[in-house]
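Engineer: Throw the hints in and build the complete structure from the sequences for me.
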Amino acid sequence: MINFLTASLSSLAISVFALASAHEPVSRSAPATALVQSAPPSTAPAVVWPTNDSGLKALGETLTKAWFAKIVAKDWAAVEGQLHPSFQRINFEGAFDRAAEITEIKALAVGAPTFNTFHATRVGEALVVTCMTAVPESLGGSTLPSDSSARLGVWKAFDGVWQLTAWVSLNMPASRPAPTAPRFAGDAAINAQGQALITNFLTLQHDQKLDAFDALLAEGMQVANFKGIVTRADIIKGAKYAKTDAPVIADVRATVAGDLTIVTCNLTMGQKIGWTTIPAASAPYLMVFQSSTTAAGATVSKAIAIGNTNKPL
Numbered sequence: 001m002i003n004f005l006t007a008s009l010s011s012l013a014i015s016v017f018a019l020a021s022a023h024e025p026v027s028r029s030a031p032a033t034a035l036v037q038s039a040p041p042s043t044a045p046a047v048v049w050p051t052n053d054s055g056l057k058a059l060g061e062t063l064t065k066a067w068f069a070k071i072v073a074k075d076w077a078a079v080e081g082q083l084h085p086s087f088q089r090i091n092f093e094g095a096f097d098r099a100a101e102i103t104e105i106k107a108l109a110v111g112a113p114t115f116n117t118f119h120a121t122r123v124g125e126a127l128v129v130t131c132m133t134a135v136p137e138s139l140g141g142s143t144l145p146s147d148s149s150a151r152l153g154v155w156k157a158f159d160g161v162w163q164l165t166a167w168v169s170l171n172m173p174a175s176r177p178a179p180t181a182p183r184f185a186g187d188a189a190i191n192a193q194g195q196a197l198i199t200n201f202l203t204l205q206h207d208q209k210l211d212a213f214d215a216l217l218a219e220g221m222q223v224a225n226f227k228g229i230v231t232r233a234d235i236i237k238g239a240k241y242a243k244t245d246a247p248v249i250a251d252v253r254a255t256v257a258g259d260l261t262i263v264t265c266n267l268t269m270g271q272k273i274g275w276t277t278i279p280a281a282s283a284p285y286l287m288v289f290q291s292s293t294t295a296a297g298a299t300v301s302k303a304i305a306i307g308n309t310n311k312p313l
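Under our numbering, the very last position in the sequence shown is 313; numbers go up by exactly one each time.
If you are wondering where the hints come from, they were derived from the structure by calculation, not from laboratory data. Remember, it's a predicted structure, so these values are computed and weren't measured experimentally. Careful, some of the hints might be misleading.
[Claimed, not checked] Heads up, simulated EDC-like pairs for lysine to aspartate or glutamate below, C-alpha to C-alpha not over 20 Å straight-line: (1) K70 to E125; (2) K209 to D187; (3) K65 to D75; (4) K302 to D207; (5) K240 to D214; (6) K227 to D147; (7) K302 to D211; (8) K227 to D211; (9) K243 to E219; (10) K237 to E219.
Structural biologist: Spelled out as structure tokens, the structure:
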């Protein structure tokens, strides 16, 4: 997917999710409280889903290319109409909500993108789309690299209209700068619940409680990181061999879009996998959780998308 969501290059900061209060080690006792928001009744026609993988890929590619065409054409009304009110995005600079994103997009100079390696999966009523994309982008005289890099978007239909709820861009300078604080405050109660969800997830990985960790990964979930596009099977395999530092989470922001909870933060969590070492440096991080109710009435939240801007030195 395309790097349409690039923030002010002058700030050159990276943001990952965590509580805005302070950078401090994650509490192992934080409960994983799920967020559920009931959608109001709608008379809009239901979305017709493709019935196979090739159809999902075509849908994801169509939505992504059309989205970027709106940005290149500076069709701001169409751009604003396709961003869900609870939208969040991360890039190397940090986290943005819908209002901050609209401001940044309007300031960007964006050229025609080149796409490849589209992959789309349906997870419940959400469409998770990843791709490798190269796009010319500049802001205030500064230019980002135009090399192909990973993009991730989470789409969901509301009242019969596809809207973007989350976006990740892995396009960044060769030397990644320190992240900035999020550009919005969010709701304190929802932020705290998002903190609990992400804390539980990362703690299970660090503690190598792999059965519980794997169970939090929804079928069809996808990841965008320094390697490119990563699948659920890749994450499960990697978690078995990765040695991670205890996560330190800062600047958590969480928003709710129907059954989706979008959580961003600045994450410090060094990792070593084989010969690859990821530094213990603060970097923007995003997770999208999807909540559902079991037959017994319990609420379960699983990860359907992850974006991590940290990378080896």
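Engineer: All the hints need checking, so say for each whether the structure fits it.
Structural biologist: A quick look at each hint next to the structure:
no.: 1; hint: K70 to E125; in the structure: violated (24 Å)
no.: 2; hint: K209 to D187; in the structure: violated (31 Å)
no.: 3; hint: K65 to D75; in the structure: holds (14 Å)
no.: 4; hint: K302 to D207; in the structure: holds (18 Å)
no.: 5; hint: K240 to D214; in the structure: holds (10 Å)
no.: 6; hint: K227 to D147; in the structure: holds (14 Å)
no.: 7; hint: K302 to D211; in the structure: holds (14 Å)
no.: 8; hint: K227 to D211; in the structure: violated (24 Å)
no.: 9; hint: K243 to E219; in the structure: violated (24 Å)
no.: 10; hint: K237 to E219; in the structure: holds (15 Å)
The structure is inconsistent with the numbered hints 1, 2, 8 and 9, although it conforms to all the rest.
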